[in-house]
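A.B. asks: Next come the chains, spelled out residue by residue.
Number of protein chains: 2
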Amino acid sequence: MFENEIIREILNKYRVLWSLSHASSLMGWDSETYMPSEGVKGRSVASAELALLYRKLFLQDVAPLVEKVMGAERLNEYEAGVVRVLGRELERMKKIPEKIQYELAKLRVEASTVWRGAKAEGNFKAFEPYLTRVFELRKETAEYLGYKEHPYDALLDIYEEGLTDRDVDNMFRGLVPSIKRVLERVSQNGYYPRTHELEGVEYVKEELERVNREVLELLSFPWSKGRLDVSAHPFTVGISLWDVRITTRYEGRDFRRSLFSTIHEFGHAIYDMNVDETLAMTPLEGGASLGVHESQSRFWENIVGRSFSFITVLKPILEKHLSVARGYDAEELYRYFNVVRPSTIRVDADEVTYNMHIYLRYKLERGLIGGEIKVSELPELWNEMMEELLGIVPPNLSEGVLQDIHWSITAVGYFPTYTIGNLLSAQLKNALEREVGPLAELIRARRFAEITEFMRRKIHKYGKLYPPKELILKSLGEPMNPEYFARYLEEKYVKVSLL
Amino acid sequence: MFENEIIREILNKYRVLWSLSHASSLMGWDSETYMPSEGVKGRSVASAELALLYRKLFLQDVAPLVEKVMGAERLNEYEAGVVRVLGRELERMKKIPEKIQYELAKLRVEASTVWRGAKAEGNFKAFEPYLTRVFELRKETAEYLGYKEHPYDALLDIYEEGLTDRDVDNMFRGLVPSIKRVLERVSQNGYYPRTHELEGVEYVKEELERVNREVLELLSFPWSKGRLDVSAHPFTVGISLWDVRITTRYEGRDFRRSLFSTIHEFGHAIYDMNVDETLAMTPLEGGASLGVHESQSRFWENIVGRSFSFITVLKPILEKHLSVARGYDAEELYRYFNVVRPSTIRVDADEVTYNMHIYLRYKLERGLIGGEIKVSELPELWNEMMEELLGIVPPNLSEGVLQDIHWSITAVGYFPTYTIGNLLSAQLKNALEREVGPLAELIRARRFAEITEFMRRKIHKYGKLYPPKELILKSLGEPMNPEYFARYLEEKYVKVSLL
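Those protein sequence lines, which keep their order, are chains A and B.
So in my numbering, the last spot in the first sequence is 499, and the numbers never skip.
So in my numbering, the last spot in the second sequence is 1499, and the numbers never skip.
Since the hints were made in silico from the structure, they are not lab data.
For clarity, every value in this text was computed on a predicted model and none was experimentally measured.
Check each hint, because a few of them may be wrong.
As the list claims (entries may be wrong) - Straight-line alpha carbon distances no greater than 20 Å define the calculated SDA-like cross-link-like pairs of lysine to any residue that follow:
1) K95(A) / Y54(A)
2) K1013(B) / S47(A)
3) K13(A) / L1137(B)
4) K13(A) / L1057(B)
5) K1013(B) / L104(A)
6) K1013(B) / R55(A)
7) K1094(B) / F1124(B)
8) K1041(B) / S25(A)
9) K41(A) / T1278(B)
10) K1180(B) / K1374(B)
11) K94(A) / L104(A)
12) K1056(B) / N12(A)
13) K1458(B) / L1442(B)
14) K1094(B) / A1105(B)
15) K1041(B) / T278(A)
16) K1041(B) / R227(A)
17) K1056(B) / Y54(A)
18) K41(A) / R1015(B)
19) K56(A) / S44(A)
20) K1041(B) / A280(A)
21) K13(A) / A1051(B)
22) K1013(B) / P1064(B)
23) K41(A) / K1429(B)
24) K374(A) / T132(A)
25) K41(A) / L1057(B)
26) K1056(B) / L104(A)
27) K56(A) / A1051(B)
28) K1374(B) / L1137(B)
29) K56(A) / D1061(B)
30) K41(A) / Q1188(B)
31) K1041(B) / N12(A)
32) K1013(B) / Y54(A)
33) K56(A) / L1057(B)
For reference, chain A alone in the conformation it holds in the complex:
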C-alpha cells in the first residue's frame, strides 16, 4: 500500500504531527465538556503553543520530503493521496505569509469575542471594523493562494477541495426556484404545520438522555469507539479512528432539537470511525471534505431521522423513556419533527428552507470578496434578501446578520459546504435505494447496519484518499447533482408521501 521509500519516511515523520493533532482534538473536546472553568488559562497557552509546534515540525520535517517526492516519483494511488493532502496543507502554509496567518489567528480570537458581545446587543457597528478586517484578510488570502476565475474560488477550496464559485452558482441555480415552489405548496396544502405545541413543552433531561442513548444503540453506535457527552454547541471530534466522540445539548424544551442533533452527530461520527484502518494515523485519516462529511450527518438526521418510517422504530423508545412524548401518535410526532416555517435563524431552519439561508450567505460573501458589496451594507442587504427569499424580515440584527459565528472566526467560503451536504444526502439516498433497497423498508426492519455498510463502502472507507468530486464520481457513477435533493423535497413535501 505504502511502498515508496520517501512516502514511508513521510508517514513515519507524520506520526508525531498526528499525535499533536490527537492531543489538540482531545484538548478541544475537554474544553467544551469537562474542563473546569479556570482551566482555560492554561489551556489557551497550551493550544496555541502546540499549534505553532505543529506548523514548525511540519515545515521542518515533513515539507522537504513532500517537495522531494512531488511529481518526481511514480506513486500508487495511496501514495499520491498522501502527497495530495500534505501538498495542500503545505501550499497554504507557504503561500500565505506568516504575518497574515498570525493576524488571522489573532483576529479569530478577538473578532469572535467582539461578535459575541455585538450579537447579544444587536450592535453591528461594534462588530463592523472586525468584520471589515476579516474580509480584507480573506481577500488577501485569496490573492496569495491564487485562483482561476474568482477570488472566492480560493476560499471555497480551503473547505471543500476543488469547489469553485461556478459550482456553487450552478448548485443554487435550479435549487432556489424549486425550494420556492415547494415552500408555496407546503403552505397551501397545510399538511406540515408551521408550529407545534411540543416546541414549547418542557422535558425531563434524564429521560431525553436515555432516549438519545437508546437511539444511538438502535443505529449501532459502537460505544467501544465513542462517547456521548453534553456541550453548549453539539459537535463531533475524531481523536483517532478508535475514539470518536459526539456531544448533544439539553435546552429543557422542544425535545426534537436534542434528539436530531444527536442523530446528526452520529452521522459525522460513524464516518470518522469507518475510515479504513490502514489509513489510521496517516494524512488520509478523516473525511474527504466538509461537504461530504455533512452529507453523512444530514443523511442520518433528515433523510433517515425525519422520515415517517423512522418514527415507527423511534416511537417505542420515546414511549419507554420520555413522558412528554406519550399520547402523541406516529403521525403527530412526524408533523412535529417536520414543522416547515420560514424563520430568520439558519440553525433552526427546516429541510425546506435551510438552503435558502446558505444561498443568502453565499451571495453576500461572494459579493464581499468580489468587491461588489461593502461590509457596511451587509445588515440592509441581509434583510432585503431574507425578505426576497423567505418573505420575512429579522426583528433585529442579532437574528439577522449577526447570527452566525463563522465570519467572526474568519471562515469565509465555509457556508456552501452545508448545502453540498444536503444535496449529497439525497443523492446517496437514491444510490442506496438502487443498490440495497427502499430506505423506508430498511428503516422499518431496523436494518441500519446495512445502511451504514453501504456508506462505509461508498464513502467512509476511503478517508481523504480522493478529492471529494472524484470520490462522488467514483462511488456514485456521476457528479453531484442537485436534482436528487429537489426531487426528495418534492416527494416528501409536495406529494406528502409518508413512506
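Model the placement of chain B on the given structure of chain A, informed by the hints.
C.D. replies: Coordinates of chain B only, in the frame set by chain A:
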C-alpha cells in the same frame, strides 16, 4: 523575579515543553476516566510520540541554554530554582544512555503487563525474569547517575531530591520499634477494633458520591479549578495550576475506602492548585517532591480525616446522604475509620502498620540494589519479614511479593517517599498547632480554610523552588523529624485521645 536574559529565554522555550506535559497529563487523565476502550490503540501511539518529542525538544532547545547559564551567571533564587530543576532533568537524560532509557520504557510496558497476569495467578516464576531485568537496569542506572555512599542513593534521589539511604535508615531506626510498641498496646487496650461490621456493608454509589462532593465542599475544594471523577485507581493530575483533577472509586462496600481516598486526593490537589501563580507554566510549577506531596494527602486523609473532631463535622453529611451510615454514633464511626489490623496488603493498611510495609520494601530493594539479595529469594524473604514485622504471613504470593505495581514499572526507590509523607504530615500538624491553634478546634469550627492557608504559606506556594530538605528546614525551622509521627501515634493510639 525572572530577570536574567538567558533564564527568560529558557522559560520562553520551556513553554512548549510545558504544553506537551499539559497535553500528556490530560491524555493520562482521559485514559483512566472517559476514553472509550478501543481508544487505547491511538492513545498509546500518541503518548509515546509526544514523550519522544518532549525529550528531543528538551535536549535541542532548552538543554544548551541551561548548560550555558549553569554556574556561569549570578542568579536570584527563582532563577537558580529553574536551573536546578531543569539541570536535574537534563542530568538524567544525559547520564543514562538512550539505549538504557529506551529499554526501561519498553520494560515498563512489558513487565507491568506480565506482572498483572502473574499477580492474578500468584505466579512469581512468570514475573521473575522481568523483575530481574528491572533490578539489573536499575543497578546500571544508579552507576550511570553516580552516588556517594550506596547505589540506592542514586535511585532515591530520582523520586525525592537529596534523599539518601542513610536518611531512610535513620528514619526507620526509631520508627520501627515505636510502631511495634504502639501495635502491642492497641491490641492490649482493645479500644480500636480489628474489624468492623461496616467493612462488609454495601452502599448506594450515588449516595456516597454526594457525600464525597459535599466533603470536598466542606474542605473548600475550588470546583472552578478542579473535578472529581471515577477511575479504577484513585489519582490526582495537575493539568495546569488552574486545572487539577482528582478521582475516586466506588467498590460497592466499605464506604470509608472511597471517602478517604477522596480526602487523600484532595490533599494532593490543593497543593498543586496553591503553587504561586508566578511559577505557573515554568519548571517550578508542581510539588517539591513525592514525599512532600504525600505529606499533604496524608495530612488531610489521616491527621484531619481520621480524627475524632472530623467525625463531628462529617456526621451531618453522612446522615444527610448515606443510608448505611445512619444509626452509627460518632464514636462508632470513629472506630470504623480507625480499625487497626496487621494486614498483608499495603494499600489496605491503617496508620499504625502502614510504615512497616514500606520498611519491608525498603530493606528488600536496598538489598537487591546492593547485591546482597537475589530476586529469586524475594518471595521467601518477603514472607519472613512480614511475619517478623507484623506477625502475619501472606496466604499467597498475590498478597505477598506480587501485590504492588511499582517494581513492574521500574520504580525502585519510590516506596520510602510514602513514609516521608506520613512523617511530615505529623510534623506539619505540630507546626500548625504552634502557629494557628489546636487542630481539633480548627476542625470542629470548620476553619479548614485556615489550615489550607497555613499549608499554602509553608509548603504549597513555593512549588519546586527549594529542594525538599531545604523547604522543610526553611518552613518548619528544623529538618524532618520522625519523632512527631511517633508521638502522634502514641497519643492517638496508646493514650486513646479522641480530641
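A.B. asks: Now, for every hint given, state plainly whether the structure supports it.
C.D. replies: Status of each hint after checking the structure:
1. K95(A) / Y54(A): 17 Å, holds
2. K1013(B) / S47(A): Judged against 20 Å, a Cα distance of about 15 Å means the pair holds.
3. K13(A) / L1137(B): Violated: K13(A) and L1137(B) sit about 30 Å apart, past 20 Å.
4. K13(A) / L1057(B): 15 Å, holds
5. K1013(B) / L104(A): 24 Å, violated
6. K1013(B) / R55(A): 16 Å, holds
7. K1094(B) / F1124(B): Judged against 20 Å, a Cα distance of about 34 Å means the pair is violated.
8. K1041(B) / S25(A): It holds: about 16 Å lies between the C-alpha atoms, which stays within 20 Å.
9. K41(A) / T1278(B): Distance ~13 Å between K41(A) and T1278(B) Cα, so the pair holds.
10. K1180(B) / K1374(B): Violated: K1180(B) and K1374(B) sit about 28 Å apart, past 20 Å.
11. K94(A) / L104(A): Between K94(A) and L104(A) the Cα gap is close to 15 Å, so the pair holds against 20 Å.
12. K1056(B) / N12(A): With Cα atoms ~16 Å apart, K1056(B) and N12(A) stay inside 20 Å; holds.
13. K1458(B) / L1442(B): The hint holds at about 18 Å.
14. K1094(B) / A1105(B): 16 Å, holds
15. K1041(B) / T278(A): 13 Å, holds
16. K1041(B) / R227(A): With a Cα-Cα distance of about 16 Å, the restraint between K1041(B) and R227(A) holds, given a limit of 20 Å.
17. K1056(B) / Y54(A): Holds, at roughly 14 Å.
18. K41(A) / R1015(B): 14 Å, holds
19. K56(A) / S44(A): Given that 20 Å is the threshold and the Cα spacing comes to 19 Å, the pair holds.
20. K1041(B) / A280(A): Holds, at roughly 10 Å.
21. K13(A) / A1051(B): Roughly 15 Å between the alpha carbons, so the hint for K13(A) and A1051(B) holds.
22. K1013(B) / P1064(B): Holds - the C-alpha atoms of P1064(B) and K1013(B) are around 11 Å apart, at most 20 Å.
23. K41(A) / K1429(B): Violated, at about 33 Å.
24. K374(A) / T132(A): Given that 20 Å is the threshold and the Cα spacing comes to 8 Å, the pair holds.
25. K41(A) / L1057(B): 24 Å, violated
26. K1056(B) / L104(A): 30 Å, violated
27. K56(A) / A1051(B): It holds: about 18 Å lies between the C-alpha atoms, which stays within 20 Å.
28. K1374(B) / L1137(B): 14 Å, holds
29. K56(A) / D1061(B): It holds: about 13 Å lies between the C-alpha atoms, which stays within 20 Å.
30. K41(A) / Q1188(B): 56 Å, violated
31. K1041(B) / N12(A): 17 Å, holds
32. K1013(B) / Y54(A): Satisfied, since the Cα-Cα distance of roughly 15 Å is no more than 20 Å.
33. K56(A) / L1057(B): 12 Å, holds
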